[in-house]
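**Student:** Chains A and B are the protein sequences, given in the same order.
Position 141 of the first sequence, counted from 1, bears residue number 141 in the numbering used here, the numbering being contiguous throughout.
Position 619 of the second sequence, counted from 1, bears residue number 619 in the numbering used here, the numbering being contiguous throughout.
Among the clues, some could well be false.
[What the hints assert, rightly or not] Estimated spans, in silico, between C-beta atoms of each pair: (1) B:Asp-727 to A:Asp-48: 51 to 57 Å; (2) A:Ala-100 to B:Glu-687: 30 to 36 Å; (3) A:Ala-100 to B:Phe-685: 26 to 32 Å; (4) A:Arg-126 to B:Glu-532: 54 to 60 Å.
Hint data in this document are derived by calculation from the structure and do not stem from the laboratory.
Quick reminder that beta carbons are idealized off the backbone N, C-alpha and C, glycines included.
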Amino acid sequence: MNAKDLMTPRFLRVSTEHSLREALGMVLYGEAKGYDTAGIVVIDQEGDLAGILTHAALVQGLAGEGEVPAEQVAFLQSVEVQFGKTIADIMETEMPRVTADTPVAELIFLMSRNKYECLPVMEEARVIGLVYVSDIFRAAAQLALTPETEGIVLDG
Amino acid sequence: MKLPEWHMATSREKSLRYLRSDLKADGVAGLTVAVMGVPQAMAYAVIAELPPIYGLYTSMITCVVAALLGSSSHLVTGPTNAICMVILSLTTHLPEKYGLDRFQIVLLLTFMVGAVQLSLGLLRMGGIIRYVSHSVVIGFTAGAGILIGANQIKNLAGIHLKERPERFYEVVVETFRHLPECNYYALIIGFLTIALLIVVPRINRRLPGAFIAVVVTGGLAYLMGWHDPELGVAKLEIVKDIEPIKASFARMFQLPELLAPPPLGLVRELGVGAGALAILGLIEAASIARSVATQSRQRLNFNKEFIGQGAGNLIGSFFSCFAGSGSFTRTAVCFKSGGVTRMAAIFSACWTALTILLLADMANYIPKASLAGILVVIAYTMVDKRRLVSTWRSSRQSRAVLFGTLAATLVLPLEYAIIIGVVLSLLLLLHATGKTDLTQLVAHDGSGYDEVPFNRAPASEVVTVNMEGDLYFAAAEDLDYEMLSCLTPKTRVVILRMKRLRTVGSTAMSMLEHFWKILRKRNISLVVCGIEEELKGVMTGSGLRKQIGEQNIFYADNRLFQSTELAMARAWSMVEMERRRLEPKDGAKAAAKRDIVLAEDILTPRLLRFGNQHQVREATWLVSEMYKRLKSRGSRKLFLQDREGRLYGGLNLWDLLAALGSELDESEVRRMQPEVLADKLRARFHEPITDLCQTDLPEVNAHTSLPELVRLTRESGTQVLPVCDEDGCINGLVSQIDLLKGIGQGLGFRPEHELPKA
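Go ahead and model the full structure; you've got the sequences and the hints to work with.
**Tutor:** Next up, the structure:
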């Protein structure tokens, strides 16, 4: 089992130059339509991978650097100020890149040491799919669990 | 007068084109039908215990009249198995009772059947056929098949019962009691026929099995001299012994003796049976015509089809024909062998007539046992095992209709079985259509609505009830009370969506009026949408339109949900107005307060709870099971609670993966055997999950504000916040996407208008 077996070949794409307003629009619209919005691939002008946009990164980006205002009106005003930022400012870029033949053991290793929502599966500079943490967890559970170790023991 | 000329020209053109192209196809198809139909028609006459020649007459006269006057271009009318069985059941005991010739009674019956069918057609009642379930036909045909099969055993074995028993099972019992007296020649011929009918189509599907079987068995019997009257009791019964077929039509036309004047007692006794037989014939003809029309793409007019069938039987009764209907096998053969127009059926009748003229002498030597063999095979195919099984599995109602009809066929006189089947299917129809389905519509953040089961929508100021199906007068008031059950103390406005409701204006009107009065007593407003023209008229007349208020009524629009959208907007503006009225002093403050987004507005109520006394293995199994049921791939969190149900801590996928992957070493992960990997993953399986989980989760309750939630998630680094009540029990969670939704909600954000521009 390797990254090719676990990855999702369909994912949403957005460009680095789009604003956070557009990013929010895309996430909320995608969510309402039932798409996976947990990891959105950010691409540069050449169409190559620039980073990954996650929900958490977008929340942090909209909250801004300073203290979060306690009043909603003030908070939403500060959000509208942050709307002007581009996706390039907030996207995650530090995650490891994997390839189609990266073995599952390596994927588990990577996820067990750091928190990434998903890892991009690369073919040269292009993304061909995403492996989500949930995919890697499921693969790990499937490998580790045997029929004897499934189920829950209820005591008392 | 130019128009008629033009008509003549086209019709002449048409006939020329017909002569050039379709004539040959119809002629061949007609011949194919006749080759198959001649033995079949003779055999069906045997079912009704009538001389075989009458079966041939029926497949000529009735066939031609029905083809000329009917609607379908491919329907071949003539004797049919089920109808012959009913004729037998109706007329067996009447000759003794009235001292009349049985054939004359059959002709009277045929005349009555034709009259009923013709009047139904002329009264334009062809549409009623749509209300008879196909399950009735399948059930009745299967039952008739069993009866025919059982009835033919005696002919197959050459047994003569002195008295015909009244009941079906008595026939079976009597047959088996007389089995030792069986005629071995008959048995041989009968089984040879059955064997030929099974084997011949396997050699080539296009070979006329029945025709070959009667030729072979008839030839064999003739050559062996088994039909010789000198053999006495041991002789084989042939068609000639029943009534000789003559190569002329001299005796075909005869006025039914009983028509002038008909004995009233007999007519009364036949009445129910004739009605049932008429309906059976129409159901058969219509369902066969319909199944061919779906392939030929012909548009059928059932009124015309009724007229064709009725006239066929009515006229047939003057030409020594018994009641007939559309024959499934002959119609199918006609269509498959290339019949183009109704001329094919007429050709089949001509070929049949020619057969009588040319081959009458030979037809006389067909053994009765051979016809019985054909019938046994037909009876077997009449029990449509596949359809019976699939109907049994479909729904409880159609199961009831199908097997109710089948059982009635086996135990009751056949005319009542038909009536029971029709009544059952009408009851089923009433049951299915007499219901109003209620659902609720819930607006979701963007635009559009989710349809949720009735009473499953979250409490809201505006309740939208979607009504679907049929509403009958008697049910209208009960429905009002049922609808009331979706009201909550929060409810201020009820929207009734009536677009998908089929009903008559006055019924809907009385329901609306009643509902409106109840709501008014509770001080709840009513908004209606999807109102059709007819209801609008009735509402105007009664003054209800004024009472509800024109601004609260939205008329049906062709655009999906258009009137619903308007109604919802209206309802919310009413809620708004009421709020302002209640807080008249500080309008600005009220407006600001209204838009405040709190945790309770955005939380996800569904979450995964787990006791904190478990091990890593169990948590791994539980979460992996959860993911099997989830479509989305986003990360989720498991919340642990203590034995009192209070929140203990949270466990996310990375925590679990950290435990599972703790033994992995970077240097070896690229080439690791699956077994080794599995062992390493299991290394910390039996550790308690309390060692892994985060316990210092931020405190959030239903009233925590949106900015506070954002601050807490940033400061604690927790992506999924648990929302707890006063007792510390978790009753929801706020994830990062919930926060984004909250921000969108606070800003009045319309995502579909904010999408990235290319």
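**Student:** Confirm or reject each hint.
**Tutor:** Each hint, compared with the structure:
1. B:Asp-727 to A:Asp-48: 51 to 57 Å: 53 Å, holds
2. A:Ala-100 to B:Glu-687: 30 to 36 Å: Holds - the Cβ-Cβ distance for Ala-100 of chain A and Glu-687 of chain B, about 34 Å, lies within 30 to 36 Å.
3. A:Ala-100 to B:Phe-685: 26 to 32 Å: Given about 30 Å between the Cβ atoms, the range holds.
4. A:Arg-126 to B:Glu-532: 54 to 60 Å: 55 Å, holds
No hint from the list above goes unmet by this structure.
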